[in-house]
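K.L.:
Sequence:
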Amino acid sequence: MGRGAETDIDLKAKIITQVTIDNGKYLNAAKKFGVTPSRVRSVWRAYQKTGSIFPAERSGRPLERTARSDRALIKLAKKNRTLSANQLSKLFIQENKGIKGYGRKNVEEILHGAGFKFTVCSKSFVQALQSK
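1 is the number of the first residue of the sequence shown in this note's numbering; add one for each residue after it.
For the record, the hints were derived by calculation from the structure and aren't laboratory data.
Using N, Cα and C, we set each Cβ at its ideal position, and we do this for glycine too.
Some hints here could point you the wrong way.
Unchecked claim - List of simulated lysine-lysine pairs, DSS-like, C-alpha gap at most 27 Å:
hint	residue 1	residue 2
1	25	49
2	32	49
3	105	90
4	117	100
5	79	90
6	117	105
7	117	78
8	14	32
9	14	25
10	100	79
11	49	31
12	75	32
13	75	49
14	75	97
15	75	105
16	90	75
17	78	49
18	105	79
19	90	100
20	79	49
21	49	90
22	25	79
23	31	75
24	79	97
25	78	90
26	49	100
27	75	25
What the hints assert, rightly or not - DEER-style ranges, computed between Cβ atoms:
hint	residue 1	residue 2	range
28	103	68	47 to 57 Å
29	28	55	20 to 30 Å
30	10	91	51 to 61 Å
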């Protein structure tokens, strides 16, 4: 978890320039820009490590879904076109031994991305049912 607001890019650039001019002295840059010496030191170390003043990409939480299982879901949806997203989700989870990340909303999102249209399957005509 972060400890505070991230330093903006302009200030980082000014800090890096000042520290390089002062041959690595943090205090002068800290006083000049009104930040703590630890902030200057962390900006300088990050710059030396990456060679850039831009923030590094963060990985975030990894997805539980994979492209392979998404394709398997699409294949299952093609076989069972009459199932709703909720029914398809339950069937897919059951077939894949409790796989996570495939609730109704995610299933709808995956199928929408694959070009499926969400229409309710048509019911039998009332007359056909009443004629029995």
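K.L.:
Next step is simple, just say for each hint if it's right about the structure.
P.N.:
Structure-based check of each hint:
1. 25 <-> 49: 17 Å, holds
2. 32 <-> 49: Given pair residue 32, residue 49 holds - Cα atoms ~24 Å apart, limit 27 Å.
3. 105 <-> 90: Distance of about 12 Å is within 27 Å: holds.
4. 117 <-> 100: Roughly 24 Å separates the two Cα atoms, so the pair holds.
5. 79 <-> 90: 15 Å, holds
6. 117 <-> 105: 14 Å, holds
7. 117 <-> 78: Between residue 117 and residue 78 the Cα gap is close to 12 Å, so the pair holds against 27 Å.
8. 14 <-> 32: Holds: residue 14 and residue 32 sit about 10 Å apart, inside 27 Å.
9. 14 <-> 25: 14 Å, holds
10. 100 <-> 79: 21 Å, holds
11. 49 <-> 31: OK: residue 49 and residue 31 at ~24 Å, within 27 Å.
12. 75 <-> 32: 62 Å, violated
13. 75 <-> 49: Not satisfied, since the Cα-Cα distance of roughly 46 Å exceeds 27 Å.
14. 75 <-> 97: It holds: about 17 Å lies between the C-alpha atoms, which stays within 27 Å.
15. 75 <-> 105: 18 Å, holds
16. 90 <-> 75: Roughly 15 Å separates the two Cα atoms, so the pair holds.
17. 78 <-> 49: 50 Å, violated
18. 105 <-> 79: 20 Å, holds
19. 90 <-> 100: 11 Å, holds
20. 79 <-> 49: 52 Å, violated
21. 49 <-> 90: Violated, at roughly 48 Å.
22. 25 <-> 79: Violated, at roughly 68 Å.
23. 31 <-> 75: Roughly 63 Å separates the two Cα atoms, so the pair is violated.
24. 79 <-> 97: Holds: residue 79 and residue 97 sit about 19 Å apart, inside 27 Å.
25. 78 <-> 90: Judged against 27 Å, a Cα distance of about 16 Å means the pair holds.
26. 49 <-> 100: Since the Cα atoms of residue 49 and residue 100 sit roughly 37 Å apart, the hinted pair is violated (cutoff 27 Å).
27. 75 <-> 25: 62 Å, violated
28. 103 <-> 68: 47 to 57 Å: 19 Å, violated
29. 28 <-> 55: 20 to 30 Å: About 24 Å separates the Cβ atoms of residue 28 and residue 55, which means 20 to 30 Å holds.
30. 10 <-> 91: 51 to 61 Å: Holds, at about 54 Å.
In the structure shown, a violation is registered for the earlier hints numbered 12, 13, 17, 20, 21, 22, 23, 26, 27, 28, in ascending order.
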